[in-house]
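S.K.: So you can see what is in the structure, the chains are spelled out below.
There are 2 protein chains.
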Amino acid sequence: MKAMGGIPAGFVPAPNGALEIERHPVGYWIEKAGGTPLFLYDVERVEAQVAAFRAAMPSRIALHYAVKSNPFGPLLDRMAALVDGFDLASRGEIARVAHHDLPKSIAGPGKSIADHEAALRAGAVVHVESEGEAQRLCDVATHIGIRPKVAIRVNPPFLLKGAGMKMGGLASAFGVDAERVPNLVAYLVDQDCDFRGYHVYAGSQSLSEDAIVAAQKATLDLVVELTGKTGVIPAEVNLGGGFGIPYYSGETPLSLRVIGDGLAQALKGLPGSFADTKLIIELGRWLVGEAGVYLTRILDMKESGGQIFATTDGGLQHMLAATGNFGQFLRRNYPVINASRMTEEADTVMNVVGRLCTPLDLLGDQVALPADTQVGDVIAIFCAGAYGLTASPHDFLSQPKALEMLAQSKG
Amino acid sequence: MKAMGGIPAGFVPAPNGALEIERHPVGYWIEKAGGTPLFLYDVERVEAQVAAFRAAMPSRIALHYAVKSNPFGPLLDRMAALVDGFDLASRGEIARVAHHDLPKSIAGPGKSIADHEAALRAGAVVHVESEGEAQRLCDVATHIGIRPKVAIRVNPPFLLKGAGMKMGGLASAFGVDAERVPNLVAYLVDQDCDFRGYHVYAGSQSLSEDAIVAAQKATLDLVVELTGKTGVIPAEVNLGGGFGIPYYSGETPLSLRVIGDGLAQALKGLPGSFADTKLIIELGRWLVGEAGVYLTRILDMKESGGQIFATTDGGLQHMLAATGNFGQFLRRNYPVINASRMTEEADTVMNVVGRLCTPLDLLGDQVALPADTQVGDVIAIFCAGAYGLTASPHDFLSQPKALEMLAQSKG
Numbered sequence: 015m016k017a018m019g020g021i022p023a024g025f026v027p028a029p030n031g032a033l034e035i036e037r038h039p040v041g042y043w044i045e046k047a048g049g050t051p052l053f054l055y056d057v058e059r060v061e062a063q064v065a066a067f068r069a070a071m072p073s074r075i076a077l078h079y080a081v082k083s084n085p086f087g088p089l090l091d092r093m094a095a096l097v098d099g100f101d102l103a104s105r106g107e108i109a110r111v112a113h114h115d116l117p118k119s120i121a122g123p124g125k126s127i128a129d130h131e132a133a134l135r136a137g138a139v140v141h142v143e144s145e146g147e148a149q150r151l152c153d154v155a156t157h158i159g160i161r162p163k164v165a166i167r168v169n170p171p172f173l174l175k176g177a178g179m180k181m182g183g184l185a186s187a188f189g190v191d192a193e194r195v196p197n198l199v200a201y202l203v204d205q206d207c208d209f210r211g212y213h214v215y216a217g218s219q220s221l222s223e224d225a226i227v228a229a230q231k232a233t234l235d236l237v238v239e240l241t242g243k244t245g246v247i248p249a250e251v252n253l254g255g256g257f258g259i260p261y262y263s264g265e266t267p268l269s270l271r272v273i274g275d276g277l278a279q280a281l282k283g284l285p286g287s288f289a290d291t292k293l294i295i296e297l298g299r300w301l302v303g304e305a306g307v308y309l310t311r312i313l314d315m316k317e318s319g320g321q322i323f324a325t326t327d328g329g330l331q332h333m334l335a336a337t338g339n340f341g342q343f344l345r346r347n348y349p350v351i352n353a354s355r356m357t358e359e360a361d362t363v364m365n366v367v368g369r370l371c372t373p374l375d376l377l378g379d380q381v382a383l384p385a386d387t388q389v390g391d392v393i394a395i396f397c398a399g400a401y402g403l404t405a406s407p408h409d410f411l412s413q414p415k416a417l418e419m420l421a422q423s424k425g
Numbered sequence: 015m016k017a018m019g020g021i022p023a024g025f026v027p028a029p030n031g032a033l034e035i036e037r038h039p040v041g042y043w044i045e046k047a048g049g050t051p052l053f054l055y056d057v058e059r060v061e062a063q064v065a066a067f068r069a070a071m072p073s074r075i076a077l078h079y080a081v082k083s084n085p086f087g088p089l090l091d092r093m094a095a096l097v098d099g100f101d102l103a104s105r106g107e108i109a110r111v112a113h114h115d116l117p118k119s120i121a122g123p124g125k126s127i128a129d130h131e132a133a134l135r136a137g138a139v140v141h142v143e144s145e146g147e148a149q150r151l152c153d154v155a156t157h158i159g160i161r162p163k164v165a166i167r168v169n170p171p172f173l174l175k176g177a178g179m180k181m182g183g184l185a186s187a188f189g190v191d192a193e194r195v196p197n198l199v200a201y202l203v204d205q206d207c208d209f210r211g212y213h214v215y216a217g218s219q220s221l222s223e224d225a226i227v228a229a230q231k232a233t234l235d236l237v238v239e240l241t242g243k244t245g246v247i248p249a250e251v252n253l254g255g256g257f258g259i260p261y262y263s264g265e266t267p268l269s270l271r272v273i274g275d276g277l278a279q280a281l282k283g284l285p286g287s288f289a290d291t292k293l294i295i296e297l298g299r300w301l302v303g304e305a306g307v308y309l310t311r312i313l314d315m316k317e318s319g320g321q322i323f324a325t326t327d328g329g330l331q332h333m334l335a336a337t338g339n340f341g342q343f344l345r346r347n348y349p350v351i352n353a354s355r356m357t358e359e360a361d362t363v364m365n366v367v368g369r370l371c372t373p374l375d376l377l378g379d380q381v382a383l384p385a386d387t388q389v390g391d392v393i394a395i396f397c398a399g400a401y402g403l404t405a406s407p408h409d410f411l412s413q414p415k416a417l418e419m420l421a422q423s424k425g
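Residue numbers (my numbering), protein chains in the order written: chain A, 15 to 425; chain B, 15 to 425.
Just so you know, these hints were derived from the structure itself, not from any lab. Every residue, glycine too, gets a C-beta built ideally from N, C-alpha and C. Be aware that a few hints might be false.
[Claimed, not checked] To be clear about the criterion: a stretch of chain A counts as covered by chain B if any three or more of its residues have a C-beta under 8 Å from a C-beta of chain B, and this derived list gives those stretches:
no., region
1, 138 to 148
2, 185 to 195
3, 258 to 271
4, 290 to 298
5, 407 to 413
Start from the sequences and build out the full structure, keeping to the hints where you can.
M.R.: So, in structure tokens, the structure goes:
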């Protein structure tokens, strides 16, 4: 048997023994959605995460949602009532939230002229990633006659320690190296741009409160230093995000209180001249990751070479990261259960696989499931709310696309 | 500078210095297609691969195309005139070739009742992967009144040595362990199925002729052994495929002649009772992989931390495997060139990245490109014809989908 990640807190069995989500067993939702494979997003869990963020963080911190983590339309519409802005990564994402009258920003190293034009027309703050991009943006803005709101994505001279994905302290496709930022600010001011400030993203998926606070503090210090050189007080600073969630055995959830207290302490050191600067934390995975459950039905049970294989109607085409094939160096098991038999003892070692003709398509590697696991049972993979379906090759082998649905019992 | 794979033979510059494909510079095709990113598939190269296969292989070997490797419609329509059958992996793939009156088979560990019904109605040979599947298939067949054509996917007790992906010799989601096959044959015959034979797939992406021939010979030996136990001469045997193409530095193309000679030798040992058995080799990657070129345009050039970054309008959302994030343990560079400046010396080390907000999105890691490489130039990534767009998360970050097009100057 190999280890798997822990089931996120609060997922319990329904009276019928199946996994319960939003006061109903999974079968209820599968019937409503029309079948499996199904991504189910629990709205109350998202609301709870936002509430936890608000309770722990200093009140001046604005919360933006990183749409790339999960761009499912109904989820975005619910999110619009919960957060203070949307952070976007493409003009496709602009279109997904264009009907919401919230602050928007767009970042990303490969913006085209079409992207710039869409961003300007949507009133989004454009986070430029290079001097060349700044110049092209100014050209587009002049051409269409819109004064651009611009922030500079800074490649910081530090990184988020212990992050699943480091994005600072190195040569990088993301952002302008800090030492060249003052010249770029001068250029933007000279071009009569609406210079908004900075975006510093040092890494993502960190489970260390200390590392996150250290990166936030380093970001504030960097911004103060840059401001000393430019003389321009930034209207806003995106402190990045990086809040991780536990996927694997031995990982534990972040304490938001520790981060909030650390950030509050760091803010005391911020000069009074930044009193009106809007401070933003941008989160995706932490807000929605644990709210999502991927449900896939067992189509076949077989034995081979002394091992049991449960083959499902899902697989890597919907949940690439859970198969260990999306940036992971070693494959480890996400939390996996038999959602039809949550109250039965998980005492039998099995492999849970997808339906693709590749050994990569492994959703659970020698995980413990109930002995009675059988064809027709529903397998649940947790932590499926972020970087799930859209981060997976869903056309691979021309299999049916997964369904997506909000689990909400009210409203 | 880091190594990259060699450009497939025969790709040369056009008179204007750009990469030529099918007698035209890439710019011609990009204009015809309507822009970048663009997957361009060179039909003549596919034809040449098929011709090379026919010339080298014993004449009794039938060639099937593995649709999963590239299911682009116009390519399938051309392929229909070149190969002897289609090997399929889903009912979605059945629909893609349903209008072609060629032999079809369907394999895969997670077939649903809907898959079985579609396969039976399409007249496809169903390759069953377990005893349970055989039973469900017979039930569906009885229910809809079609006598099923069935072959057994065998999990062989050997593997394809040196394969990029091993699929035999181990506990496996694929196929029935060889020792249990005779009982399953008896069951199928007893159920009055049209028992067709066997499908043995020992691995894929091998660049060793000896290993491929050894697997083919072991497959024939296994089939003879199984036939000795069952007394049923198989009407057909799918010998698998596994022919690799060079992606990385130091890899060299297979010699089909060596494989063909080895297979001819192995066939001499086949008992006369198998004279009417159809022998099939199933290829995907080897037929189309090198015929595909992924073209993506540079949107930004920048310097960070002493390195140069060329950011393109493509990325891992279209060519996941080229970024090293699809089953590869170590990231290595596919062949990458500046297709706008093929005649200029590649003397400057650069990173070629995609436009996604993740450091995973790296198409060329410190590769040598011409010093004049600039915004607007077209980057070509070779070996993009198989497991490209459909094996990539093309909705990720809601970026525009890549275009696909056949490069054909005639017909």
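S.K.: Indicate, hint by hint, whether the structure satisfies it.
M.R.: Going down the list of hints, with the structure as the test:
Remark: the region 138 to 148 of chain A is confirmed as covered by chain B, as 5 of its residues place a Cβ nearer than 8 Å to a Cβ of that chain, reaching the required three. Coverage of the region 185 to 195 of chain A by chain B holds in this model, with 7 residues showing a Cβ closer than 8 Å to a Cβ of that chain against a need of three. Residues of the region 258 to 271 of chain A with a Cβ under 8 Å from some Cβ of chain B number 0, which does not satisfy the need for three, so the listed coverage is violated. For the region 290 to 298 of chain A, the assignment as covered by chain B is violated, since 0 residues bring a beta-carbon within under 8 Å of that chain's beta-carbons and 3 are needed.
Judged by the Cβ-Cβ criterion of 8 Å, the region 407 to 413 of chain A is covered by chain B as claimed, because 7 of its residues qualify and three suffice.
Taken one by one, the earlier hints fail for this structure at numbers 3, 4, listed in ascending order.
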